[in-house]
Amino acid sequence: MTDASAKAARRPGEQALTALGLGAPAPDPADASPHSFPGGGRWRTEVPSCEGPEALAVVLKEASRLDVPIHRISQGSGVWMLTDAEITEMAESTAERDIELCLFTGPRGTWDIGGSTRTDSRGAGPRARGHDAVAGCVEDAVRATELGVKCLLVADEGVLWTLHRARAAGIIPQDTTLKVSALIGPVNPASYAVYEQLGADSVNVPSDLTLDHLTEIRRVSATPMDMYIEAPDDLGGYVRMYEVAELIRRGAPLYLKFGLSKAPGIYPYGHHMRDVTLASAKERVRRGRLALDLLARHGADGDMAPPGSRLPGDLRRFGISS
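Note that my numbering has the sequence shown beginning at 549, numbered continuously upward.
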């Protein structure tokens, strides 16, 4: 955000509260992120949980109707839950509109036979258990990219590093972007910087991080950040729509993710979940329109990254030994 736009942007209710003698202190310029996306812009948009071609068609139609620009569409059930024809259809539909399609890779611990994920501690979480699970993630990555997918969603540090090495070796295309899932999102600047070094091109942080936490992260890393403006219930159900302008100011470059609380879980998706999946896909786009309207009312809707932009810029990486 430029100095001029930072001064012009206002917070919800600020003018009325100031008139009543209850105005808040002016934002501290030192809190603002100094980073932007390559090619310009401080924020992009993402519609998550788009589980197949039918849900994708609903999202695209509703986005056109409500004039909601979309930079990325992501899916949560996994590459393995889609046929080749379905992946190809989704890749072609998004490519026609210069939207990045991101599919989740492979097996994850929460669906595995490991009992620790079902204990109160949720031990191991969604990470890939054992060699075969990592291999499954790699197979998903190769298959998806061969079918035209350019972004892969990852929930394991070892899988992330392996896919980064595969990208460097040309096993998957070098312009493939790797996105870290909210299921393992980092909660401090040190871990955020490690994900960058491991190959992450965008990192989904938990939606309960404070504004100060975002500023702390931005002091050590320029890697694009993904954040649910409204989180699904299994990720907390947080609704932070009124903070959107300040989230951008602190967290840029930032993907605004339009999630949905009070909606049933749909992973892994199948046609038995069709009605709720299509209805929630449509409502996620509407939530996006509400967030964009809020930004406009606060004079903070400038600095959106150009439609069709997807690359993260130059990032720091650990060295890869031969």
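Hints may contain errors.
No farther apart than 20 Å at their CA atoms in a straight line, the calculated lysine to aspartate or glutamate pairs in the EDC-like style are these [claimed, not checked]:
#1 LYS810 with ASP849
#2 LYS810 with ASP760
#3 LYS830 with ASP632
#4 LYS810 with ASP782
#5 LYS810 with GLU794
#6 LYS609 with GLU644
#7 LYS830 with ASP841
#8 LYS810 with GLU831
#9 LYS609 with ASP782
#10 LYS609 with ASP756
#11 LYS830 with GLU610
Computed spacing ranges between beta-carbons, pair by pair [to be verified]:
#12 ASP579 with GLY718: 38 to 46 Å
#13 GLY850 with ALA605: 39 to 47 Å
#14 ALA574 with ASP823: 27 to 35 Å
#15 GLY856 with ASP680: 20 to 28 Å
#16 ASP723 with GLY867: 18 to 26 Å
#17 GLY850 with ASP579: 16 to 24 Å
#18 ASP680 with ALA564: 21 to 29 Å
#19 HIS820 with LEU859: 46 to 54 Å
#20 ALA564 with LEU838: 38 to 46 Å
#21 GLU831 with ALA717: 17 to 25 Å
#22 GLN745 with GLY784: 24 to 32 Å
If you are wondering where the hints come from, they were derived from the structure by calculation, not from laboratory data.
The beta-carbon is built from N, C-alpha and C at its ideal position, and this holds for glycine as well.
Quick rundown of the hints versus the structure:
1. LYS810 with ASP849: Not OK: LYS810 and ASP849 at ~27 Å, beyond 20 Å, violated.
2. LYS810 with ASP760: Violated, at roughly 28 Å.
3. LYS830 with ASP632: violated, 25 Å
4. LYS810 with ASP782: holds, 10 Å
5. LYS810 with GLU794: violated, 25 Å
6. LYS609 with GLU644: Cα-Cα ~14 Å, so holds.
7. LYS830 with ASP841: holds, 17 Å
8. LYS810 with GLU831: holds, 12 Å
9. LYS609 with ASP782: With Cα atoms ~27 Å apart, LYS609 and ASP782 exceed 20 Å; violated.
10. LYS609 with ASP756: violated, 31 Å
11. LYS830 with GLU610: This hinted pair holds, its Cα atoms lying about 6 Å apart.
12. ASP579 with GLY718: 38 to 46 Å: holds, 41 Å
13. GLY850 with ALA605: 39 to 47 Å: violated, 31 Å
14. ALA574 with ASP823: 27 to 35 Å: violated, 48 Å
15. GLY856 with ASP680: 20 to 28 Å: Between GLY856 and ASP680, where Cβ atoms are some 37 Å apart, the hint is violated.
16. ASP723 with GLY867: 18 to 26 Å: holds, 21 Å
17. GLY850 with ASP579: 16 to 24 Å: Once the Cβ atoms are compared, 19 Å apart, the range 16 to 24 Å for ASP579 and GLY850 holds.
18. ASP680 with ALA564: 21 to 29 Å: violated, 59 Å
19. HIS820 with LEU859: 46 to 54 Å: violated, 37 Å
20. ALA564 with LEU838: 38 to 46 Å: About 20 Å separates the Cβ atoms of ALA564 and LEU838, which means 38 to 46 Å is violated.
21. GLU831 with ALA717: 17 to 25 Å: The hinted range 17 to 25 Å is violated for GLU831 and ALA717, with Cβ atoms some 41 Å apart.
22. GLN745 with GLY784: 24 to 32 Å: This hint holds: roughly 27 Å between Cβ atoms.
The structure shown violates the earlier hints numbered 1, 2, 3, 5, 9, 10, 13, 14, 15, 18, 19, 20 and 21.
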